[in-house]
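**Q** Letter 176 of the sequence shown, counting from 1, is numbered 195 in my numbering, and no numbers are missing.
Each hint should be verified, as a subset may be incorrect.
Said to hold, decoys possible - For each label pair, taking beta carbons as the anchor points, the in silico distance ranges come out as:
#1 91 <-> 128: 18 to 24 angstroms
#2 79 <-> 54: 21 to 27 angstroms
#3 125 <-> 28: 35 to 41 angstroms
#4 27 <-> 86: 26 to 32 angstroms
#5 41 <-> 129: 34 to 40 angstroms
#6 135 <-> 80: 23 to 29 angstroms
#7 31 <-> 74: 39 to 45 angstroms
#8 129 <-> 23: 23 to 29 angstroms
To be verified - Below, simulated BS3-like cross-link-like pairs (lysine-lysine); rule was C-alpha separation at most 27 angstroms, straight line:
#9 71 <-> 103
#10 83 <-> 175
#11 146 <-> 176
Read the hints as simulated data drawn from the structure, not as lab findings. This one's a predicted model, so the numbers in the text were calculated from it and none came from an experiment. Positions of the beta carbon are idealized from the N, C-alpha and C atoms, including for glycine.
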Amino acid sequence: DSEISVPMMSQTEKFNFGEIDEIDAQIIELPYATGELSMFIILPNDIAGLQKIDNQITAESLMKWTNSENLTSTKVEIQLPRFKIETSYNLVQYLENMGMIDAFSQQKANLSGISDKGLYVSQMIHKCYIEVNEEGTEAAAATGAVIVPKSLILPKKFIVNHPFLSFIKHITFDTILFHSKVYFP
Numbered sequence: 020d021s022e023i024s025v026p027m028m029s030q031t032e033k034f035n036f037g038e039i040d041e042i043d044a045q046i047i048e049l050p051y052a053t054g055e056l057s058m059f060i061i062l063p064n065d066i067a068g069l070q071k072i073d074n075q076i077t078a079e080s081l082m083k084w085t086n087s088e089n090l091t092s093t094k095v096e097i098q099l100p101r102f103k104i105e106t107s108y109n110l111v112q113y114l115e116n117m118g119m120i121d122a123f124s125q126q127k128a129n130l131s132g133i134s135d136k137g138l139y140v141s142q143m144i145h146k147c148y149i150e151v152n153e154e155g156t157e158a159a160a161a162t163g164a165v166i167v168p169k170s171l172i173l174p175k176k177f178i179v180n181h182p183f184l185s186f187i188k189h190i191t192f193d194t195i196l197f198h199s200k201v202y203f204p
């Protein structure tokens, strides 16, 4: 095991936060300014715990873990690396497996509503890009007064310094739009 120095962002604020006992991990919700989207980060308590999460995660468990009813608004000190993820996929095979076949066939495609020339779809590329930096954090931050309780409650710590999962979720439609595994934060 070696240490790698990476630029980190830090913020202490109230976030929706929770412990997921069945996978021994913490989860935090970082809302986007519009309120329609949120980034969720699942951080294993064990540095090597990502494999355990991978083995147990399902669509149903993910929806349960990211449900705001299972999270508590908690003062959290979060330290998060700046990161950028970019990937692209050719969706032809996936769409053909779902039954969209003719559009990709030179003989069967009927795109006459687009052009009177004989057209067909040769590729369908889907590109995903996400960047997490201070601007993204600022967009999620709320402005307000800080009221200090008479008995000081220390914030929970959420230090993202080992492999983790991240998800972008559309809150209104309750749908995961993007997910990633970050092995080298």
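**Q** Hints first: check each against the structure and report whether it holds.
**A** Quick rundown of the hints versus the structure:
1. 91 <-> 128: 18 to 24 angstroms: With a Cβ separation near 53 angstroms, residue 91 and residue 128 fall outside 18 to 24 angstroms, so the hint is violated.
2. 79 <-> 54: 21 to 27 angstroms: holds (25 angstroms)
3. 125 <-> 28: 35 to 41 angstroms: Hint violated: Cβ distance 50 angstroms, outside 35 to 41 angstroms.
4. 27 <-> 86: 26 to 32 angstroms: holds (28 angstroms)
5. 41 <-> 129: 34 to 40 angstroms: violated (50 angstroms)
6. 135 <-> 80: 23 to 29 angstroms: violated (50 angstroms)
7. 31 <-> 74: 39 to 45 angstroms: violated (33 angstroms)
8. 129 <-> 23: 23 to 29 angstroms: violated (53 angstroms)
9. 71 <-> 103: holds (24 angstroms)
10. 83 <-> 175: holds (22 angstroms)
11. 146 <-> 176: violated (34 angstroms)
Hints 1, 3, 5, 6, 7, 8, 11 from the earlier list are contradicted by this structure; the remaining hints agree with it.
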